[in-house]
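Engineer: In case you want the letters, here they are:
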Amino acid sequence: MAERQWEVTVDQERCAGSGVCVAVAAGHFVVRDRRSHALSPVTAPDDAVLDAAETCPMEAITVRESGTGTLLAPVE
Amino acid sequence: MTTTLTTGLARLADPASRAHPYPLLRELREASPFTDPASGIVVVGRRADCETVLRSPRVGSNRLGAGITKVPQQPNLMNLDAPDHTRLRRLAGKAFKPRVVERWRPRVRAIVRELLTDIAASGADGVDMVSAFAYPLPVRVICEMLGVPREDHPVFEKWAHSIAYTVDPQLVPGELTTEVERNVEEARAGFVGYFSRLIAERKREPRADVLSELIAAEEGGDQLDERELILTCVLLLVAGHETTANLILNGVLGLLRHPDQLRLLRERPELAEAAVEEVLRYDAPAQMVTRIAREPFTLGDHEVAAGQPLLLLLAAANRDPRQHHEPDRFDITRGDPGHLGFAAGPHFCLGSVLARMEGAIALDAFAQAFVEPKLDEASLHYRPHVAVRGPDHLRITFQAVRLDSLPAAGPAEESEAAHG
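For the protein sequence lines, the chains are A and B, in the order given. Numbered per my numbering, the first sequence spans residues 1 to 76. Numbered per my numbering, the second sequence spans residues 1 to 420.
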C-alpha cells in the first residue's frame, strides 16, 4: 500500500507571518499578506513539514495523516 | 555623499546617539541600500528591503568569523543556518510556544505585583524603573523557566550585559574593543562554569524546568551536544534579560512622553497588547541585526556580492513612511502589527510570545498602578550597546502606587516555591 499523504493546515488566526516555516520547509509554504499559506494542502510525507509545524512560534501549523486524521505535528 | 554615510555609521556607533537615534536612522534608511566603503557592509534600512533580506534563502545567518560583529560570536541559535538551526530551534522553542507561555501568565502577574509592592513599601516618591521593575521581571521569569536558582540572579547581570555586546555590529573598522572583549571572555567563562555545574546537578536530580528538558534531549543522543546545551542556556538567559527589559522600558518611556497615550491605556486596559506592538515598532529593543550574503543578489538597484555582510536597520524600517502612516507618531491604537520588531524569516524571535505577554502585563500594571508618574528626564541614560538598545537608568517620580488597581490575582497565583 502506498504511504498515506499528509494534510497541512495553517491557522490564519494564529499565524503571525514570521516565515519560519518558509525557511524550514522550502517549497511547502508561502507568506502572502502577512500570513503563511500551505502551497499544497495535501502533500507527500516530508520531515521538513514536521519541522515547520514544530518550529512555528505561534503553533499555527498542523500536520495530519490523510484519511486517518492522526495528528503528526505539533506534538506536546 | 559617501563621506556623509560613513560618518553616519560612525555616528550610529557613538554612544552619544543612543538617546535619539531616529533622525540618523532616517538618513541612513533614505540613502539605503548602499555599501559602506569603510567596512564593506551593505546598509539596509527600508522596510521592504529589510523584509526581503530577512526572508531570502540567498542570505544566511552564519557569520561566525566574518568580522561583522564587534566581538566574535560563538555558534548558537542566532548565527546558525539549517539544518543545525532547525534542530536547535525545535528543542529550545518548545518552552516558548503559546500554550506553554500562557501557563506562566499568573506567575508573571504575581511577580509584577511583588515588584510594585516593594516600590510602594519603600515609601519613596520616585524609583529607578530599570532596577526596580523592568529588569527584575524578565530575569525572574526566564530564570524560573530555565530552572536557575534565584540567589544566583545578581551574578548574571554584568555577564548578560557583556554578552549582549556580541550582537553589536562592528560599525567602525578598527574600533577599540579590548575592554569589551575582555568582559565578554570573562562572561563566557563564567556562564560555562556556572551552567556546567548546574547541568551536573540537574542530571542527578531532574526537575520540571527547561534545563532538565534540554538535558533529557542531550542525554537522548543525537539531538544536542553538551556545548550546544550550554550555549543555548546562555542565549536564552541573556535574551531573556536584555530585550524584554528594554521593551518594557521603551514602553514606559513612550507612555510618559505621550501623556495622552498613557491616559488612554489607563482608561482602556484592553489596549495593552496593541501598546506593546506600537513600542516594538516605534522604539524597538532590537534596533538592528546582521546577516551575510550566501549568493549574489540584487536589492533594488544595488548589487550585493556573495560573502558580503549586511546590516539591517530594523528600527529604521519600523518608521518607514512607505509602510507606516505618520511613522514618527506614537499611537497605541494603531493596530498595525506590521513591524519588524521581532525580525522575520528563520530567525524570527524565539521568545516573541513570552515577550509580548510580559510586555503587556507590565505596561498595563504601570499605567494602572502609578498615580501621576513623571519622567525625570535628567536621569535617563542609555547603555552603550547599539543593537540591543535600552536605558540603564530611568527614574520616575509619582504621587502614589495603587496596588488595588491591578488585575485580580489568578487562581494559580501562588507562592514562588511552587515554581522552584
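In short, the hints are calculated from the structure, not lab data. Note that the Cβ used here is the ideal one computed from N, Cα and C, for glycine as well. Keep in mind that a hint or two might mislead.
Listed below are several chain A residues computed to face chain B (Cβ distance under 7 Å; list not exhaustive) [claimed, not checked]: (1) Gly27; (2) His28; (3) Val30; (4) Ser40; (5) Pro41; (6) Asp51.
With a cut-off of at most 20 Å between alpha-carbon atoms, the simulated SDA-like pairs for lysine to any residue come out as follows [as the list claims (entries may be wrong)]: (7) Lys97(B) with Leu71(A); (8) Lys97(B) with Pro41(A); (9) Lys94(B) with Thr62(A); (10) Lys94(B) with Ala16(A); (11) Lys97(B) with Ala16(A); (12) Lys94(B) with Gly17(A).
Engineer: Indicate, hint by hint, whether the structure satisfies it.
Structural biologist: Cross-check of the supplied hints:
A hinted interface residue such as Gly27(A) counts as satisfied when its beta carbon comes closer than 7 Å to some beta carbon of chain B; here the least separation is about 11 Å, so the hint is violated. Annotation: interface hint on His28(A) violated; nearest CB of chain B at approximately 13 Å, more than 7 Å. Violation of the interface hint for Val30(A) is found here, the shortest Cβ-Cβ separation to chain B being roughly 10 Å, above the 7 Å cut-off. With its C-beta approaching chain B no nearer than about 19 Å, Ser40(A) sits outside the 7 Å limit, and its interface hint is violated.
Against a cut-off of 7 Å between C-beta atoms, the interface hint on Pro41(A) is violated, since the closest Cβ of chain B lies about 22 Å away. Residue-level restraint check for Asp51(A) holds (minimum Cβ-Cβ distance to chain B is 5 Å; threshold 7 Å). Restraint check for Lys97(B) and Leu71(A): the C-alpha separation of about 18 Å stays at or below 20 Å, so the hint holds. About 23 Å separates the Cα atoms of Lys97(B) and Pro41(A), which puts this hinted pair outside 20 Å; it is violated.
Straight-line distance between C-alpha atoms of Lys94(B) and Thr62(A) comes to about 15 Å, which keeps the hinted pair within the 20 Å bound. Proposed proximity of Lys94(B) and Ala16(A) is supported: the alpha carbons are some 17 Å apart, at most 20 Å. Proximity of Lys97(B) to Ala16(A) is assessed by CA-CA distance (about 13 Å); at most 20 Å being required, the pair is judged to hold. With a C-alpha separation of about 19 Å, the suggested pairing of Lys94(B) with Gly17(A) holds against the 20 Å cut-off.
In summary, the structure is inconsistent with hints 1, 2, 3, 4, 5, 8 from the numbered list given earlier, while agreeing with the others.
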